[in-house]
Structures are given as C-alpha cells and as structure tokens.
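Student: Listed below are the residues making up each chain.
Protein chains: 2
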Amino acid sequence: MRNFDYHTPTRLVFGKDAINKLPEVMSQIGKKVLLTYGGGSIKKLGLYDKVKELLKDFEIVELSGIQPNPKYDPSVLEGVRLCKENGIEVILAVGGGSVLDCSKAIAAGAKYAGDPWDLISYKVKAQAALPIVDIITLAATGSEYDCGGVISRTETNDKIGYMDSHLYPVCSFLDPTYTFTVSKKQTAAGCADAMNHIMEQYFAEDTTLLNDGFCEAGLKSLMVNAKACLANPEDYRARAEMMFACTLGCNGIYSLGNSPSGWPLHAMEHALSAYYDITHGEGLAIITPRWMKYVLSDKTVDRFVKYGVNVFGIDNTLDKYEIANEAIEMTYAFFEEVGIPMHLKDVGIGEERIDEMAHHIAVNEGLDRAYIPLLEEDIAKILRASL
Amino acid sequence: MRNFDYHTPTRLVFGKDAINKLPEVMSQIGKKVLLTYGGGSIKKLGLYDKVKELLKDFEIVELSGIQPNPKYDPSVLEGVRLCKENGIEVILAVGGGSVLDCSKAIAAGAKYAGDPWDLISYKVKAQAALPIVDIITLAATGSEYDCGGVISRTETNDKIGYMDSHLYPVCSFLDPTYTFTVSKKQTAAGCADAMNHIMEQYFAEDTTLLNDGFCEAGLKSLMVNAKACLANPEDYRARAEMMFACTLGCNGIYSLGNSPSGWPLHAMEHALSAYYDITHGEGLAIITPRWMKYVLSDKTVDRFVKYGVNVFGIDNTLDKYEIANEAIEMTYAFFEEVGIPMHLKDVGIGEERIDEMAHHIAVNEGLDRAYIPLLEEDIAKILRASL
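Taken in sequence, the protein lines are chains A and B. To convert, note that position 86 of the first sequence is 86 in the numbering used here; the numbers rise steadily by one, no gaps. To convert, note that position 306 of the second sequence is 306 in the numbering used here; the numbers rise steadily by one, no gaps.
Please note that a few of the clues may not be correct.
[As the list claims (entries may be wrong)] Going by beta-carbon spacing under 8 angstroms, a handful of chain A positions derived as facing chain B: (1) Phe58; (2) Phe214; (3) Tyr332.
[To be verified] To be clear about the criterion: a stretch of chain A counts as covered by chain B if any three or more of its residues have a C-beta under 8 angstroms from a C-beta of chain B, and this derived list gives those stretches: (4) 10-16; (5) 216-223.
[Claimed, not checked] Subject to a maximum C-alpha distance of 30 angstroms in a straight line, what follows is the list of computed BS3-like cross-link-like pairs (lysine-lysine): (6) Lys220(B) to Lys125(A); (7) Lys220(B) to Lys227(A); (8) Lys227(B) to Lys16(A); (9) Lys123(B) to Lys21(A); (10) Lys111(A) to Lys32(A); (11) Lys220(A) to Lys306(B); (12) Lys16(A) to Lys220(B); (13) Lys306(A) to Lys306(B); (14) Lys56(A) to Lys44(A); (15) Lys125(B) to Lys220(A); (16) Lys227(B) to Lys125(A); (17) Lys320(B) to Lys306(A); (18) Lys299(A) to Lys220(B); (19) Lys293(B) to Lys184(B); (20) Lys123(A) to Lys21(B); (21) Lys227(A) to Lys306(B); (22) Lys21(A) to Lys111(B); (23) Lys220(A) to Lys220(B); (24) Lys111(A) to Lys123(B); (25) Lys16(B) to Lys299(A); (26) Lys16(B) to Lys21(A); (27) Lys299(B) to Lys320(A); (28) Lys184(B) to Lys31(B); (29) Lys227(A) to Lys320(B); (30) Lys227(B) to Lys306(A); (31) Lys32(A) to Lys43(A); (32) Lys125(B) to Lys31(A); (33) Lys220(A) to Lys111(B).
Calculated directly from the structure, the hints in this document are not laboratory data. If you're wondering where the values come from, they're calculated on a predicted model, not measured in any experiment. By construction, the Cβ of each residue, glycine as well, lies at the ideal position given by its N, Cα and C atoms.
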C-alpha cells in the first residue's frame, strides 16, 4: 500500500431541492458572482431562473456558451477577462462537467497575471484561485468532487487534464431531479465516463482489498442504475445512485494507496475528442474493450478474472482466460446495451488520422509508464481495433 | 436515497514516515500546542521523542494520562483548564481514539465560557473549537476522520457520543508502523470496533447498492487483514489496510444517503463500558451476534442473506433463514477466532446490573427509533443472551 496525502475540502449538498441552501453557502464567500453555463438546457430546466431568484441580492456577471470538451479560446479566456474586469469573488458553475472544468481553469486564470495557458500546461504552478461553487446537472465526470478539469485547445489538438489543489469546489449541489431530462445518449455516455474513471483506478498493480471492493461496487451500481435510468428517466432513486457514484469517480477514494495506473483510457480518448470533438464517454466506451483485449496477458489475467467474477458474476471455476475474455465481452455488451455506438467509425472517426493521434498520445501522455506500458505502435493498434 | 450534506475537511497524511510533514502542517495553525496522550506507549514507540524533536520550535504544554473510555473528570476538565491558562492555539493528540476523542471535547470546551458538559450533553451548541491535529497509533475508532468523540462521566454512568462539525481534525497522520506493537487483544478489539461501525450503517433500511458494496468491502478487508496482523504483527500491508478501513468507519462515506439505523450496538455497548469500563470493541463483539439473532425476522432476513452471501460467501441457493443463521454464526466464529472473549461474564459483567443498564439505555439512547426498534425488555434480553 502506497503512502498518500488526501484532502477533499468540498462540501456536498445532495438531494432533491438541495439548492435551497445556495444563498446560505454563497453569502459566506462573496457577493460578486460569475455565473457560468452552457447552452439553453439550464433555462429549459427552470434552473437558470431559480438561481437568479435565489441570488437576487448578489451581483451576477454571466458567461454562457461553454461547450462540451470546453475550449480554452474563447471560454477560458473570456471568463478570465470577465473575472478581472468585474472584481469577481466567486464562480458559480451550473451545468455538466464541462462547465465546471472550464470554470476551474477560469478560477485559476483569474488569480494569475500572465497567460492562463501557462497554468493549464503546468509551466507555472497556480498560487491561488477564485472559490468555485457548482450545481451539477449531469451525472458523469465527478468534477464536482475533484480538483481537476479538462481543457481543449483547438489549434494544437491539445486536450489537457489540468489539476491543482486550489481547484476543489467549495460546495457542490447535486439534485438528481435535474438529471431527469438528460438524454439517453448522454445518460449512457455519463455512465461510461464514470465507469472508466473507476476502471482506470481498478486496473493497476498493488491495489487493496478495500479499494477493489469499492471499485467493484461502483461499477455494479453504475451499470444497474444506468439501465434503470434509461428504462425510466424519472426514477429518482436510480438517478440519485448514479449521480453519487459518478461524483466519487475522480476524487481518489476508489484508489487511495494504490499504485498509479497512468489512466491510459482517458489519455487515449483525450486525443480522439481533441481531434474530432466526439462525446468523451462514448470515445471511452469504444476503446475500453479493445484496450482490455490488447493488454490481456499472463501479467494481467488475474486482474481481469477478479473483475469478471466480482463485477459480472462469472463462474470462478472456469479457466482464467475464459473468465477474462467473457468479462471483456460483457463490458462491450453492456455499453452496446445502453446504446453507445461501439465503433469509432460510428462517431465519425476513420483511418485517416489514427497514426497522427497515436503519435500525439505517445509524445504527450507518458503511457510508456502506465500500468501496462503502451508505445506509439500499441496505441495505434488499439485505436485501429476500435474503428 | 435520502438527502445528505457531507463535508469532511480533514486532511489525511497516510503511510510510513508520514509524520515528517508534522512541522509543515502545525506551523500553518499555531505555535502554542497542547500535546495530549495516554500512558507510556507513545514513549516506548519513540513517538513522544520524535514529536518533541519535530516540534522543537513550538511551545508545548502536555496533558497525559488520558484513559481508554476517556473521562470527563479529570481529563476533559484538566485539558480545558490548560488550554485557557496557556492560550493554546492547537491541540496535538497522539495515541488511539480515546486520546483524540478526549481532545475533541477539550477543543470545544476551550472555546466555551461555561461548563464543558453543557456542550457534551448537547445543552449548548458549540460556536467554535480549537483546531486539532492527531497522530493515530491504533486502528479502531476512525475518530481521525470524523467530528465525534465518546466521553464518559463516571459518577452518572454516562458515556456520550458527542459530535459537532467544528471537531473534524485539521489533519490526521496515519503511519501503520506505529500499530506494529499493538497487542493481539487491542488489534482484535479495534477490528471489532471498526466492523461494528460498518455494520451499524449496513443494517438499515433504504440502503444503496454502492453503500452496500462499500460496507461489504470494508468488512471483508477488516477480517482478512486483522487475521494477517495477528499472524504477523509487522505485516505492513495488512496493518495499513486495516488502519485505512478503520479510518473511514465513522466518516459517513459508508452510508451517504442511507436511512439512519440508530446505531443500536454502540448504544448498548456504551452502557456496558460506562458501567464496567470494559474494552469497547470487545463489548461490541460480544453483543453483536446476540443482537443479530434477536432481530432476525421476516423484516430483516433479506438483509442478513445479503450480508451472508456477500461478506462470507455463503451459497445463495440455500434457504434464507439458513443463510442468515449461518452468517450470524460466522460473525461469532470470526470474533472468537481473533481471540475476543465472547461472553459478558468473561469480561467481568454478571447478571447484577443487566436491568439497570437496560433501563439506562432505553431512557437515554432512543433505540425505540432504531432500524429494528428496541424497548427496555428487548435490550435486557439481548444483554442476558450475551452473558
């Protein structure tokens, strides 16, 4: 078991009507608010009006139009400008993980005199950040309980996971009823994203019994509840369980003391969605079973057996490779069952830029140090198998 | 799934040599330190000297002699007096959960003008508390990651679980090597205490798939690793896993969104150790299987089946009551295997005060509102069955 230093200062206010505590929380932080959001979904939900009503005594500046796979230019740059010009004291992010990720980069940039890309690219370590509060409307990224975000820079095809301990939200509001209207496509993609967060921590060396059990519980809960959400989008209990399992995804609690795995699936998918702007969870779901097949070996087979037996209930008296292969097939089948297109071609990615992406990943992501080291040719093979 | 509001601001620094970060942490809080500890064990470990060396630039006042089942008089009262007289800025608790529990009561009392019992007895709500840092040398209570403590007042046979959100430690240092010298008796009792923290959360209505899986993982990890610790007290990995599973015990992470259970086992045991000053974990282990047998019914049998199948691997095709009873027997057998005396008579408790204790519990603990409501006569029966 490895040493760790763990600190999650975020307060979680969870459940129906949770946001009624918003004014109490915000008033302890500041009066000048940057309200960040994406498109019209929070207006359709009535959430925009509700927030404005709850915060009628606050000064609110707005930044809207934040996209999935949020962009450095214009969103981060525009947000930083608004914060500096208006003396913003707190950022309130309302929406999915992309809005919050973008807001984290803004929070750091607002307290930095230079080009915010210095921070995101780790050239400079942030010394401070604006406090962040969020209201999450999508069960997926877990950004509401971690200190990271993913930012894309279109002109360089960069999609960088940016983490800094200043970026834990002060408070995250999680009301499962706001996810009732999430589409089947986004529900499935969110589930795949959260499952992958757990798998990235589960498929590692030197894990603990406790962490393995936590991960297996998370995976099972996500699969059962995602199917229930698809069958009945207003199943409160299923939406709530799924939301909370997602919230824990990147917080570390699933793997404290484990060896680091290198997060190979996210590393590869970040290139896919940087080059093609696809839905992150779908990209992950597509490459996951192909990665699994590729890395299955005498070194990893016991891990896949544990996964197959404990997550899918496969008979543990079967041959090891039989269990492992069945577990991989069941992973594929689950993603297919919840409606995820399971080939890169289905999401508009062809052969053309596979080698270019593999090269980009190999150069930028350090997967030669992952749980199962991957070189450029390995990455290209996995991506090709996913076509 | 119930609404919840969850906030754990404690930083955990975990692993061998973790306490080398102590000066860095303490210097951010204050220079005037109340160092609290129990008997001589931290001196035997060399930990006392190490702490004094690390904090040679701090002003240290000491409070020693804090006992298991820590006492309001003299320990809490003496600690509050020392804090007030010396302008203490931070409390550093070094030892097991009792030292930390006592220090939490001191931390609240030091910021209160009246009798500290007003706070502990919930007559008055604390408005502030001194910051607390701890170095834990026993895997058991989980006090290092929660905001509660248990304080005994001998003259009234009261043993009160006192919780307040001001009492989360700022930072907890957890070095598993400090538990290498913990006796077999205390290792087993610590395991039983932590298992019971999880069971109190697991045996409840309206739990989630995620929480059930977390609890089952915690119970399995504790049982496997406690046995490994007893077989080889210097098994770092086993000591580390056990320590961390204990740390999460009362933090809430095992049951966020569950219905409250009323913690019946702790409620009953607190009377046992208030009246007889027995080892808390032993008292819990003794009454647990008797409580289980007593509450097994058509209402609870499915819960016990889940427990038996998922924690002990009992064949799920057997009859429900057969599984449940086997699970209860296996619980008893585990405690016996790790060396816990499994009858109240073995720890010096006879028939004499059973009715008096049952009455005290019924009046003070609200078990009529527990997962399975218990009235005075039920409590007396469970205690008698434990003799």
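Student: Next step is simple, just say for each hint if it's right about the structure.
Tutor: Results of checking the hints against the structure:
no. : hint                   : in the structure
1   : Phe58                  : 21 angstroms, violated
2   : Phe214                 : 6 angstroms, holds
3   : Tyr332                 : 22 angstroms, violated
4   : 10-16                  : holds (count 7)
5   : 216-223                : holds (count 5)
6   : Lys220(B) to Lys125(A) : 41 angstroms, violated
7   : Lys220(B) to Lys227(A) : 28 angstroms, holds
8   : Lys227(B) to Lys16(A)  : 43 angstroms, violated
9   : Lys123(B) to Lys21(A)  : 26 angstroms, holds
10  : Lys111(A) to Lys32(A)  : 15 angstroms, holds
11  : Lys220(A) to Lys306(B) : 15 angstroms, holds
12  : Lys16(A) to Lys220(B)  : 33 angstroms, violated
13  : Lys306(A) to Lys306(B) : 20 angstroms, holds
14  : Lys56(A) to Lys44(A)   : 20 angstroms, holds
15  : Lys125(B) to Lys220(A) : 41 angstroms, violated
16  : Lys227(B) to Lys125(A) : 45 angstroms, violated
17  : Lys320(B) to Lys306(A) : 27 angstroms, holds
18  : Lys299(A) to Lys220(B) : 25 angstroms, holds
19  : Lys293(B) to Lys184(B) : 27 angstroms, holds
20  : Lys123(A) to Lys21(B)  : 26 angstroms, holds
21  : Lys227(A) to Lys306(B) : 22 angstroms, holds
22  : Lys21(A) to Lys111(B)  : 28 angstroms, holds
23  : Lys220(A) to Lys220(B) : 18 angstroms, holds
24  : Lys111(A) to Lys123(B) : 44 angstroms, violated
25  : Lys16(B) to Lys299(A)  : 28 angstroms, holds
26  : Lys16(B) to Lys21(A)   : 41 angstroms, violated
27  : Lys299(B) to Lys320(A) : 40 angstroms, violated
28  : Lys184(B) to Lys31(B)  : 37 angstroms, violated
29  : Lys227(A) to Lys320(B) : 28 angstroms, holds
30  : Lys227(B) to Lys306(A) : 22 angstroms, holds
31  : Lys32(A) to Lys43(A)   : 21 angstroms, holds
32  : Lys125(B) to Lys31(A)  : 29 angstroms, holds
33  : Lys220(A) to Lys111(B) : 46 angstroms, violated
Of the hints listed earlier, those the structure fails to meet are numbers 1, 3, 6, 8, 12, 15, 16, 24, 26, 27, 28 and 33, in rising order.
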